[in-house]
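S.K.: Below are the chains, spelled out letter by letter.
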Amino acid sequence: MRNLTLSKAVHRLILVATTICILFPIYWMLVLAFTKLGMSRSVEGFYPASLTFNNFTQLFTERPMLRWLLNSALVASISSALSLLIGTSAGYALSRLHFRGAGLIMILILVTQMMPPTAIVVPIYDLFRQLGMLNTIQGVTLGHISLVIPLAVWMTKGYFDSIPLDLENAARIDGCTRLAAFWHVALPLASPGLIVVFIYGFVTSWHEFLFARTLVSQQELWTGAVGLGSFRGEFFTLFEPQMAASVVFSVPVVLVFMFLQRRLISGGLAGGVR
Amino acid sequence: MVPRSIPLDARHEARPKPALVRFRELFSDGMGFPALMVAPALLTLAVVIGFPIVKGLILSFQMIKLTSPATGGDFTLYNYVKMFSDKNVLASVWRSCVYMSGSVLGATFVGLIAALLTRRAFMGRSLFRTFFILPWAIPAVATTLVWGVMYDANFGVMNRIVQLLPGINSNIEWLIDRDYVLGSLIAVQIWGDFPVAYLFLLAGLQAIPEELYEAANVDGANGWQQFWHITAPQLRYIVTVTIILLGILSFRSFAVIHILTGGGPNRRTETLVIQTYNAAFRSFDFSYGAALGILSLIFSVVIVALYIRLTLGREMRGAAAT
Numbered sequence: 000m001r002n003l004t005l006s007k008a009v010h011r012l013i014l015v016a017t018t019i020c021i022l023f024p025i026y027w028m029l030v031l032a033f034t035k036l037g038m039s040r041s042v043e044g045f046y047p048a049s050l051t052f053n054n055f056t057q058l059f060t061e062r063p064m065l066r067w068l069l070n071s072a073l074v075a076s077i078s079s080a081l082s083l084l085i086g087t088s089a090g091y092a093l094s095r096l097h098f099r100g101a102g103l104i105m106i107l108i109l110v111t112q113m114m115p116p117t118a119i120v121v122p123i124y125d126l127f128r129q130l131g132m133l134n135t136i137q138g139v140t141l142g143h144i145s146l147v148i149p150l151a152v153w154m155t156k157g158y159f160d161s162i163p164l165d166l167e168n169a170a171r172i173d174g175c176t177r178l179a180a181f182w183h184v185a186l187p188l189a190s191p192g193l194i195v196v197f198i199y200g201f202v203t204s205w206h207e208f209l210f211a212r213t214l215v216s217q218q219e220l221w222t223g224a225v226g227l228g229s230f231r232g233e234f235f236t237l238f239e240p241q242m243a244a245s246v247v248f249s250v251p252v253v254l255v256f257m258f259l260q261r262r263l264i265s266g267g268l269a270g271g272v273r
Numbered sequence: 000m001v002p003r004s005i006p007l008d009a010r011h012e013a014r015p016k017p018a019l020v021r022f023r024e025l026f027s028d029g030m031g032f033p034a035l036m037v038a039p040a041l042l043t044l045a046v047v048i049g050f051p052i053v054k055g056l057i058l059s060f061q062m063i064k065l066t067s068p069a070t071g072g073d074f075t076l077y078n079y080v081k082m083f084s085d086k087n088v089l090a091s092v093w094r095s096c097v098y099m100s101g102s103v104l105g106a107t108f109v110g111l112i113a114a115l116l117t118r119r120a121f122m123g124r125s126l127f128r129t130f131f132i133l134p135w136a137i138p139a140v141a142t143t144l145v146w147g148v149m150y151d152a153n154f155g156v157m158n159r160i161v162q163l164l165p166g167i168n169s170n171i172e173w174l175i176d177r178d179y180v181l182g183s184l185i186a187v188q189i190w191g192d193f194p195v196a197y198l199f200l201l202a203g204l205q206a207i208p209e210e211l212y213e214a215a216n217v218d219g220a221n222g223w224q225q226f227w228h229i230t231a232p233q234l235r236y237i238v239t240v241t242i243i244l245l246g247i248l249s250f251r252s253f254a255v256i257h258i259l260t261g262g263g264p265n266r267r268t269e270t271l272v273i274q275t276y277n278a279a280f281r282s283f284d285f286s287y288g289a290a291l292g293i294l295s296l297i298f299s300v301v302i303v304a305l306y307i308r309l310t311l312g313r314e315m316r317g318a319a320a321t
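Respectively, the protein sequence lines represent chains G and C.
Using numbering that gives the first Met the number 0, the first residue of the first sequence is number 0, and each one after it goes up by one.
Using numbering that gives the first Met the number 0, the first residue of the second sequence is number 0, and each one after it goes up by one.
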């Protein structure tokens, strides 16, 4: 019993220490977001010197922050949902249906992510111009899907691999089709993994800058990430407002995660194989 | 580790079947089904990324420069000759290796610790889980700028923190001092990337059946033994994929280096990706940029192929052979 409380204490100690290290830069970001314009270099010690809400109110009065947030929400939710759908179907096929060339397909899918985006952004711009998808929300969405699919395939394959095949086979002997066995057995069991893939897709799209900036030039179609970049001028950066915008822009991601993380608990695997 | 019984399809393949049954089997059994399931992923990637990569390859054998009129689309090896005689290229490749390995090792380690810490239920677990993904929830552009202010040699809070430690009294020039700069950037990359490892490892941990630990407890295995004999082997595939992903993310990392140092001081932090960007968008030499891009592609394919062979060789061959 004493042993248990000791290990609990060690756990809490490491937990709190790790958390402080991780959260400090975010605390500092908040400090700067509440600091008066141009004063961030004169913050001394570890506390804010002055407090102002101006940086936040100006976001909504002087810039189309709300519009940018809505664009981001649209692009991120559609692209992550579609990536999850496309990725899960491929990941399941690669995990369960053994076919010729599966290994090669896995590698090829991965290779597409290895060219630095800065090196292909010019051809991508050309392509989207020919497709007539410049300056459209669909264009950005398609670009973001292609950034998330490879990981979605690899990850879902891994999660499906870890679910015993016997469970699905049992369902199929009971008369389920392959699709039904997938839907009723494999999918619920893999759901923690699928939720993680969805979160990854959402955040990747929410933050992506290069595609969103290159493929769209109209300010009202910008996503929030591009809007954030616009605080950085050629000659000087509106630093404190940008910090405030970053804080506002991060809130939806945190909310999505807080909503979904409760579902990250173990699927009902325990007992299923007995 | 992963149970693999004989696929059911193997049993009924012998005799030919009527067309209607064949069509229905497209959605239940046979080769049509996997093809149908994999096609959307392959098609999207081929159009959006594959096609531009091919165009980049063509571009790298041409001379397309915005700044010089004497350019054209004729076939030339000029960019590759230039690349292999450029001493900075080799140096960039080496810096990319250092940056990538430092970031990947650090992020995987921190992510694993965080995942193990918040795995089992305790009061406030969901709060800590949210804390641990926060660095990733905030856009890299913004967090990188905060780090820039923190690293400022004269006004930055980092020196104030470090000077709380005994024995350090002078200001460190985090982003200028050649001994510190690469490490400073890697720290930012680790801080921003570890939540990705954290998320995937956390989901991986959730998939390990609790019974394995119950059995180990009965057998009297201690925490370390349980980690080594149950957790580690069960996480193998997820860890491998996480490392590949983190490797790709840090190899391609642009925002952190571009914003904090732009490759300086004196090219100390110029990785391959930064050099590619500078060639294409500072010197407007699109063809040379494309050639450097192709080099990055080949470099990462070789590294990832070696890594997969070392770690997943059996699984991948198994999947390819059957």
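Among the hints, erroneous ones may be present.
[Stated by the list, open to error] Beta-carbon label-pair distances, calculated as ranges:
id	chain 1	residue 1	chain 2	residue 2	range
1	G	8	C	35	50 to 56 angstroms
2	G	257	C	217	55 to 61 angstroms
3	C	212	G	178	32 to 38 angstroms
4	C	175	G	12	32 to 38 angstroms
5	G	128	C	282	20 to 26 angstroms
6	C	164	G	130	24 to 30 angstroms
By construction, these hints were calculated from the structure, which means they are not laboratory data.
From the three backbone atoms N, C-alpha and C, an ideal C-beta is built for every residue, glycine too.
S.K.: Are the hints correct? Go through all of them and say.
M.R.: The hints, checked one at a time:
As the Cβ distance of residue 8/G to residue 35/C is approximately 55 angstroms, the hint placing it in 50 to 56 angstroms holds. The hinted range of 55 to 61 angstroms is not satisfied by residue 257/G and residue 217/C, whose Cβ atoms lie roughly 37 angstroms apart. With their beta carbons about 34 angstroms apart, residue 212/C and residue 178/G fall inside the hinted range of 32 to 38 angstroms. Between residue 175/C and residue 12/G the C-beta distance comes to about 36 angstroms, which sits within the given range of 32 to 38 angstroms.
As the Cβ distance of residue 128/G to residue 282/C is approximately 24 angstroms, the hint placing it in 20 to 26 angstroms holds. A C-beta distance of roughly 56 angstroms is found between residue 164/C and residue 130/G, which places it outside the suggested range of 24 to 30 angstroms.
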